Amino acid sequence: MEKRSFKGGIHPLYNKELSEKKQIDVMDDPKQVVIPLQQHIGAPCEPLVSKGEQVITGQKIGEAKGFVSAPIHSSISGEVVDVNEERITIKSDGDNRFEPKEARSLKEISSQEIIEIAKEAGIVGMGGAAFPTHVKMKAPEGKKIDTVILNGAECEPYLTIDDRIMVEQPQKVVEGLKALMKATGATKGYIGIELNKPNAIEAIGNAIQGDSSVELVTLEVKYPQGGEKQLIKAILDKEVPVGGLPVDVGSVVSNVSTAAALADAIEEGKPLYERGITVTGNGIEKPQNIIVKVGTTFKEVVEACGGLKDNAAKVISGGPMMGRAIDSLDDEFITKGTSGILVLTEDEVRLVEERTCIRCARCVDACPMSLMPNYLAAYSRKEMFKEAEELHLFNCIECGCCSYMCPSKIPLVHLIRQGKAEVSSKKAKK
Amino acid sequence: MSKKFVVGPSPHIRSPRDIDYIMWDVVVALVPATIASIIIFGWASAIVLSLSLISALFFEWLVVSRKPKISAFLGDGSAAVTGLLLGLSLPPATGMMASIGGSWTLPWAVPILGSAVAILIGKHAFGGLGKNPFNPALVGRGFLTFSYLTLMTNWEPTGTFVDTTTGATPLQGEAATLWELFIGTVPGSLGETSALALIIGGIYLLYKGHIDWRIPGGFLGAMVVFSFIHTGFAGEFEGLVGFLSAGLDEALFQVLSGSALMGAIYMATCYVTSPTTKNARLIYGIGCGLILILIRYYAQAPAGLTYAVLFMNALTPILDRLTIPRTFGEVK
Ligand code: SF4
Ligand code: SF4
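First to last, the sequence lines map onto chains A and B.
Sequential numbering of the first sequence, starting at 366, is according to the working numbering.
Sequential numbering of the second sequence, starting at 41, is according to the working numbering.
Everything labelled a hint here was simulated from the structure, so no lab data went into it.
Since we're looking at a predicted model, the values are computed, not measured.
One or more hints might be untrue.
In silico lysine-lysine, PhoX-like type, Cα no more than 25 Å apart, as pairs [what the hints assert, rightly or not]:
#, chain 1, residue 1, chain 2, residue 2
1, B, K318, A, K368
2, A, K651, B, K44
3, A, K664, B, K44
4, B, K248, A, K381
5, B, K318, A, K751
6, A, K368, B, K248
7, B, K44, A, K372
8, B, K171, A, K774
9, A, K751, B, K171
10, A, K553, A, K509
11, A, K747, B, K171
Working from the sequences, and respecting the hints, build out all of it.
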């Protein structure tokens, strides 16, 4: 099969077999949900409910304030027991009452209406960054979108939820893609899938049969194949300019789970209040793919998957390459952007001592952005920011390939990230 | 009470290949050359290699471990690479007292002295692994060549198991067939005569991703191209076919003889002292090969490889700076 790709990248151990064959389960409703008013990107929402109020599933409880923001909805029915600046807490009444909004058919609605539905349903990018989808669908002044790319690469090791979504709900994914195309005015749609997902390739392939505006592209298995810029390079052979966005080359990239959620919003009138995630790792009893309500604590999700093993040592929200390590299961909640919970064992997280750079150039060869991570990290560490900026410090996508490869275990991407933060804060002060 | 977990920056998984893994793998890649050397040169080789290897480990251990623990003797593998490379680049005479007229101590001290210079001056005087601008094994070799020129160019095939009838190396004008050069039954440095063994090790290193083809490729490519040019100027051939076959003979001879393969595969590819950008690696490889063959044709210096690689080592920082790659999405 054809395998398109990009330059650089790495082949980490994928460990997908822990969960890739597991059908998506639905988790029982939690007794209580804590829904953060700010889910990663954009301005926090303004609460629409107050303590003591009764809400039903799918009811809007927070209104988007800023432009780059999306409203939030209750994920269960019950009573609002607490509202503060950061979160709304709802106690379940056990009924899970849900009154879907009006269901529509893609054929009969306009592009403006699709954008409106996406906004009202609180659809955001579900790959991790949680960027509001309705904002993405509007091309800025003077730019035109002609292509929509769906990211079905799922290049993060361990994670399998996008794979399962494609296998189990291919029609929805394709419907979502068509909706994105209609809303943006794009005439061409692509779905990029890595070759290690033969079932997804088959399912999506069947779902798009007879539709010439949509194309399935098989991709080399390589991290970070699902990075926006890498995906565009692999599929369209175009490079997003330094400091630019996909729209600068006429495209919009969205995740397959996001597309399926958009299809749900249009055809079932269902806002984004639950999502599929992968719960996996050698530190968890029963790795699986599971649909969970937004606002569920990590603790409950972990318990629903058999709980932790005794040697569990590190818990990550998201994938192992770009995810975030959390220190406790109790005050961490599922958000729209949570793609997985990964539990690593003591053996897997043993601390390694950093050694000196031996100039082996593995980081240079691995960098998908053609940067010099060895110099960038060294300059950031020595606070030589001018030199670092000359070497395009800000073009780093923080994929972590460099750190992964380094035989001296130098925390390259961490140093680069710190360098970026320092430069940004200096600029902000000026 | 909830359990607290380890936190830390992403990525949360790391490649299992650390410095030790890579360095010991380079040692593994030198095993064929070591075995070939012992088969061809006999005990002389075994003695020299053991002395240089063990003394390199010893000096590294002295410097690196503050409270020398026996368990740390093997170190991270980098000193083993240096010691073995140095030993393999010495002439067999350094292992046999008879070869320099009955002196007992000097030849055996040579590999030890070489390792001392390589590890103490070539490496640790600059701050240790990763900081040394010059390849330590070549610093050691260079020092020995300057100090013991006669001994270092004495190619008497002492103690050999395999019949190598002459004392002059092929490069010094003695005829050797390409086949002899390939398998290594000719006079020369202990580990440099068998092209076959070096190539096996090289393929292993490429396969494991420890070296980039650009350095050996540029190195040997430059030698091949210049061999053809040289043949062309010499003019001793008939027609195009004659030129091609004479050129090919010459190119194969240059690549297979002396220290070319050892240099291209093991010396020039030293991480610490070679450039880190892809383009610079290619230029650096070409530079090494070109200097080596120019010395062979026009200068007759006994240590062409040492000069070539050390000179390019010196250019490494500049080459890196001049070849910063175009970053993704940059319009140049
Ligand atoms: S984290 Fe940045 S520097 Fe490191 S490989 Fe990725 S893009 Fe390159
Ligand atoms: S991978 Fe690590 S040791 Fe190798 S050049 Fe990069 S920073 Fe240095």
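Hint-by-hint comparison with the structure:
A C-alpha spacing of about 24 Å is found between K318/B and K368/A, which places the hinted pair at or below 25 Å, so the restraint holds. The straight-line distance between the Cα atoms of K651/A and K44/B is roughly 21 Å, inside the 25 Å bound, and the hint therefore holds. Between K664/A and K44/B the alpha-carbon distance is near 12 Å, which keeps this suggested pair within the 25 Å criterion. As the CA atoms of K248/B and K381/A are separated by approximately 24 Å, the hinted pair is consistent with the 25 Å bound.
A distance of roughly 24 Å separates the Cα atoms of K318/B and K751/A; the hinted pair therefore holds under the 25 Å criterion. Restraint check for K368/A and K248/B: satisfied, since their Cα atoms lie roughly 23 Å apart, inside the 25 Å limit. For a cut-off of 25 Å, the pair hint linking K44/B to K372/A is broken: about 39 Å separates their Cα positions. Only pairs whose Cα atoms come within 25 Å are accepted, and K171/B paired with K774/A is accepted, the gap being roughly 17 Å.
As the CA atoms of K751/A and K171/B are separated by approximately 23 Å, the hinted pair is consistent with the 25 Å bound. Between K553/A and K509/A, the direct Cα distance comes to roughly 13 Å. Compliance with the 25 Å bound is thereby established for this hinted pair. Distance check on the hinted pair: K747/A and K171/B sit about 16 Å apart at the alpha-carbon level, within 25 Å; holds.
In terms of the numbered hints stated before, the structure departs from hint 7 and from no other.
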